[in-house]
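K.L.:
Here is what each chain is made of, one letter per residue.
Protein chains: 2
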Amino acid sequence: MHSSIALDGLRVKGERLWGSLMDLAKVGATAKGGVCRLALTELDGRGRDLVVSWARAAGLSVTVDQIGNVFMRRPGRANDRPPVMMGSHVDTQPTGGKFDGNYGVLAGLEVIRTLNDHRIETEAPLEVVAWTNEEGSRFVPVMMGSGVFCDVFPLELALAAKDLQGKSVGDELRNIGYAGPERPGRRPVGAYFEAHIEQGPVLEDHAKVIGVVEAVLGLRWYDCVVTGLESHAGATPMERRKDALQVATKIMQEVVAIAERYPPHGRGTVGFVQVHPNSRNVIPGQVTFSIDLRNVNRELHDAMDADLRAFIRRMQARTGVAIDLREVSYNEPVHFHESCVSAVRRATERLGYSHMPATSGPGHDAVFMARVTPTGMVFIPCKDGISHNEIEHAEPEHVTAGANVLLHAVLERAGVAA
Amino acid sequence: MHSSIALDGLRVKGERLWGSLMDLAKVGATAKGGVCRLALTELDGRGRDLVVSWARAAGLSVTVDQIGNVFMRRPGRANDRPPVMMGSHVDTQPTGGKFDGNYGVLAGLEVIRTLNDHRIETEAPLEVVAWTNEEGSRFVPVMMGSGVFCDVFPLELALAAKDLQGKSVGDELRNIGYAGPERPGRRPVGAYFEAHIEQGPVLEDHAKVIGVVEAVLGLRWYDCVVTGLESHAGATPMERRKDALQVATKIMQEVVAIAERYPPHGRGTVGFVQVHPNSRNVIPGQVTFSIDLRNVNRELHDAMDADLRAFIRRMQARTGVAIDLREVSYNEPVHFHESCVSAVRRATERLGYSHMPATSGPGHDAVFMARVTPTGMVFIPCKDGISHNEIEHAEPEHVTAGANVLLHAVLERAGVAA
Numbered sequence: 001m002h003s004s005i006a007l008d009g010l011r012v013k014g015e016r017l018w019g020s021l022m023d024l025a026k027v028g029a030t031a032k033g034g035v036c037r038l039a040l041t042e043l044d045g046r047g048r049d050l051v052v053s054w055a056r057a058a059g060l061s062v063t064v065d066q067i068g069n070v071f072m073r074r075p076g077r078a079n080d081r082p083p084v085m086m087g088s089h090v091d092t093q094p095t096g097g098k099f100d101g102n103y104g105v106l107a108g109l110e111v112i113r114t115l116n117d118h119r120i121e122t123e124a125p126l127e128v129v130a131w132t133n134e135e136g137s138r139f140v141p142v143m144m145g146s147g148v149f150c151d152v153f154p155l156e157l158a159l160a161a162k163d164l165q166g167k168s169v170g171d172e173l174r175n176i177g178y179a180g181p182e183r184p185g186r187r188p189v190g191a192y193f194e195a196h197i198e199q200g201p202v203l204e205d206h207a208k209v210i211g212v213v214e215a216v217l218g219l220r221w222y223d224c225v226v227t228g229l230e231s232h233a234g235a236t237p238m239e240r241r242k243d244a245l246q247v248a249t250k251i252m253q254e255v256v257a258i259a260e261r262y263p264p265h266g267r268g269t270v271g272f273v274q275v276h277p278n279s280r281n282v283i284p285g286q287v288t289f290s291i292d293l294r295n296v297n298r299e300l301h302d303a304m305d306a307d308l309r310a311f312i313r314r315m316q317a318r319t320g321v322a323i324d325l326r327e328v329s330y331n332e333p334v335h336f337h338e339s340c341v342s343a344v345r346r347a348t349e350r351l352g353y354s355h356m357p358a359t360s361g362p363g364h365d366a367v368f369m370a371r372v373t374p375t376g377m378v379f380i381p382c383k384d385g386i387s388h389n390e391i392e393h394a395e396p397e398h399v400t401a402g403a404n405v406l407l408h409a410v411l412e413r414a415g416v417a418a
Numbered sequence: 001m002h003s004s005i006a007l008d009g010l011r012v013k014g015e016r017l018w019g020s021l022m023d024l025a026k027v028g029a030t031a032k033g034g035v036c037r038l039a040l041t042e043l044d045g046r047g048r049d050l051v052v053s054w055a056r057a058a059g060l061s062v063t064v065d066q067i068g069n070v071f072m073r074r075p076g077r078a079n080d081r082p083p084v085m086m087g088s089h090v091d092t093q094p095t096g097g098k099f100d101g102n103y104g105v106l107a108g109l110e111v112i113r114t115l116n117d118h119r120i121e122t123e124a125p126l127e128v129v130a131w132t133n134e135e136g137s138r139f140v141p142v143m144m145g146s147g148v149f150c151d152v153f154p155l156e157l158a159l160a161a162k163d164l165q166g167k168s169v170g171d172e173l174r175n176i177g178y179a180g181p182e183r184p185g186r187r188p189v190g191a192y193f194e195a196h197i198e199q200g201p202v203l204e205d206h207a208k209v210i211g212v213v214e215a216v217l218g219l220r221w222y223d224c225v226v227t228g229l230e231s232h233a234g235a236t237p238m239e240r241r242k243d244a245l246q247v248a249t250k251i252m253q254e255v256v257a258i259a260e261r262y263p264p265h266g267r268g269t270v271g272f273v274q275v276h277p278n279s280r281n282v283i284p285g286q287v288t289f290s291i292d293l294r295n296v297n298r299e300l301h302d303a304m305d306a307d308l309r310a311f312i313r314r315m316q317a318r319t320g321v322a323i324d325l326r327e328v329s330y331n332e333p334v335h336f337h338e339s340c341v342s343a344v345r346r347a348t349e350r351l352g353y354s355h356m357p358a359t360s361g362p363g364h365d366a367v368f369m370a371r372v373t374p375t376g377m378v379f380i381p382c383k384d385g386i387s388h389n390e391i392e393h394a395e396p397e398h399v400t401a402g403a404n405v406l407l408h409a410v411l412e413r414a415g416v417a418a
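In order, the protein sequence lines correspond to chains A and B. Here the numbering used here is used: the first residue of the first sequence is 1, the next is one more, and so on. Here the numbering used here is used: the first residue of the second sequence is 1, the next is one more, and so on.
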């Protein structure tokens, strides 16, 4: 049965995967059909326990590292080879959905269950991983578990991070029983594959089932503060004003204009705005706002940054109003390893699913994993492109298709024992 | 000594007036040199008590009405004539200054003290009034006492108004001992004069001592809500966005453009902005903001309103984003009675002060009084045009000059007994 013809016909059990997704979604289920399972809460602990119980039932051995990442291992024939890893995260946003993260972990588990069903042994061992605190809703930095694993930031910094109630990551890991013994990052990885809902509308717009993810947009976050002069809206003639909001709104529009000058992957967003004193009859004295600029190409991304800085210099010179621009975060664009991208593409083609190349706007644990091992991602559509929302939804047939792609890409990479 | 030559030489005692301003400013004094004496607080009660004690010492009879307005009366020779009234308010903003309001009441008291010094009797009686809750910081509506007196809104509505702690105007008036017996508005008034700091920069810019106030800008307040579609800043391509902030910022800039199209008195301000969900990596789904449009000419003011509505219709048609504009407040422009404006102008000219015609941007108790009696205002400069601020400042020589103008305008109106 291990002939290539038999392998080509191998498929996951879609109903079993869907059932596990729905069962896991009961832990922290919200009235509106979503999930609230913030990282390292008691509910996160219960969600992890459920996944681990399924892993043990599937014969996997479970290891937890010091930042709470959970590695669930199925041996291969050549156990000296580094494992092919699949996974994502099971923590959610406060008003999150059933699929974001959870899908990547449970699709990995379904791959294992399918191999068990058919008694297929791989050459390299396989591992399913659930990374700690990808969402960053309760503790920053985001993508914490994979970040520590990949040495992006130190373990001690992550363990000391506190939530708004002053509870630390270290204490909460112990509380839920996931402060493991293994030093993060000591585990070799041969390749990493992450299945995920797209969280955007592009696959749906193009009526494609699978997105072969080639890259993740680079990201620059800035804080911008415009300082004018607070004064009375009735008493101050127009020509005497230093209205911080009027200058700020020009910059806010330029952020979008810059993104539109660098298509197709240029993106520019102002999501956060704070006006001081924010009173109906007072001309704003100060406006603080966020700027988010993204692109997949490093030179274009840098050019967007240069355009923004030049515009701000011109505005400052023209208005005499003080403008402070500070970069607060930078992630460079990530281009996934060609061997993994093509493994996903070949699997999709063999399975006959409609597909297109995809670029991820949001970050994922795969972004950090790409620093330490060849990495690929599989996207499936989500309804109306909506994610981080209780109404997040994916079609069962797409959920199954993505897991089948994951299965075949992983088998190609790990090799099947003769 | 009552010859016209002696009267022409009559001047207030500037040091006495300044001393009273500084003494009253001690009640509720803030560390930064300002005053916090919110309407109907225990501090407001102590401030009122101090003013009333000075009035009694000056021989005035004191009457309080049911909304707490305090009328301090000096009889004339013809007591069947309606009084010439001077005044303003003694409540302040939470971070208010020493001059806003207080100056108008104490300048009136200084006029009385000066007439007492020289034993000058007027034909008509004189009254100094302190109106309740002009600022509106603790209770709305603003200009409450004069509004009830002038029948702009009912007494019962004002008495029922509550602060954020749920305390009512009626209860707080009783607590501080200023729930008087007189039905508001039953008191005849022959004319009303209010001295006030300009609260804007125009007099200072033109190096003039006195502003002869001819009018108060009309005001329209709107709430505007722009509703787009909240989505992920990374995952949503530019052409797929319905970014509420990008539409809102275009309207915010048009508000200023409209004001600049209707000079010299057109004013347009967006002071309040609220973005939802106001998160760095989420495209804003909804933006709520205030719009404030003012002009002194009714037709021009209406044209500004029409321009705003036309622009919003065009934006709605072009972007497909929902825009809701609601007018929440309208005060029509007020043009003061020519007899009172010219009385102020003549007094200023006789006294030899530099002066210019002035238009008030902010509202004042005089706006409501102009509905029931001939009304005039005297403006003096304030430093850098700053008011509603603890650093609010007026020069002693300007404080004296404004009181002298008030004295002579009132004497002209009331007539001096032979």
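Honestly, I wouldn't trust all of these hints.
Which copy is meant is left open, so a pair is good if it fits within one copy or across any two.
[Claimed, not checked] Dumping the calculated DSSO-like pairs for lysine-lysine here, alpha-carbon to alpha-carbon at most 27 Å:
#1 Lys250 / Lys383
#2 Lys26 / Lys383
#3 Lys167 / Lys250
#4 Lys167 / Lys383
#5 Lys242 / Lys32
#6 Lys13 / Lys167
#7 Lys242 / Lys383
#8 Lys167 / Lys26
#9 Lys250 / Lys32
#10 Lys162 / Lys242
None of these hints come from the bench; they were simulated from the model.
K.L.:
For each hint, tell me whether it holds in the structure or not.
P.N.:
Hint check results:
1. In this homomeric assembly, lysine 250 and lysine 383 never come within 27 Å of each other (Cα to Cα): the closest approach is 34 Å inside a single copy and 31 Å across copies.
2. In the homo-oligomer, the alpha carbons of lysine 26 and lysine 383 lie at most 27 Å apart inside one protomer (20 Å), although the nearest pairing across protomers, at 64 Å, exceeds that limit.
3. For the identical chains of this complex, lysine 167 and lysine 250 are neighbours neither inside a copy (41 Å) nor across copies (43 Å), given an alpha-carbon limit of 27 Å.
4. Proximity of lysine 167 and lysine 383 under a CA criterion of 27 Å is satisfied in neither setting, with 36 Å inside one chain copy and 50 Å between copies.
5. For a Cα distance limit of 27 Å, the shortest separation of lysine 242 from lysine 32 across copies, 24 Å, qualifies, whereas the shortest one inside one copy, 46 Å, does not.
6. For the identical chains of this complex, lysine 13 and lysine 167 are neighbours neither inside a copy (41 Å) nor across copies (65 Å), given an alpha-carbon limit of 27 Å.
7. Taking the shortest Cα distances, lysine 242 and lysine 383 sit within 27 Å of each other only across copies (17 Å), while inside one copy they are farther apart (45 Å).
8. Within a single copy, lysine 167 and lysine 26 get their C-alpha atoms as close as 25 Å, which meets the 27 Å cut-off; across copies the closest is 46 Å, which misses it.
9. In this homomeric assembly, lysine 250 and lysine 32 never come within 27 Å of each other (Cα to Cα): the closest approach is 38 Å inside a single copy and 35 Å across copies.
10. For the homomeric pair lysine 162 and lysine 242, neither the shortest alpha-carbon distance inside one copy (40 Å) nor that between copies (35 Å) is at most 27 Å.
Consistency with the previously given hints fails for numbers 1, 3, 4, 6, 9 and 10, ordered from lowest to highest.
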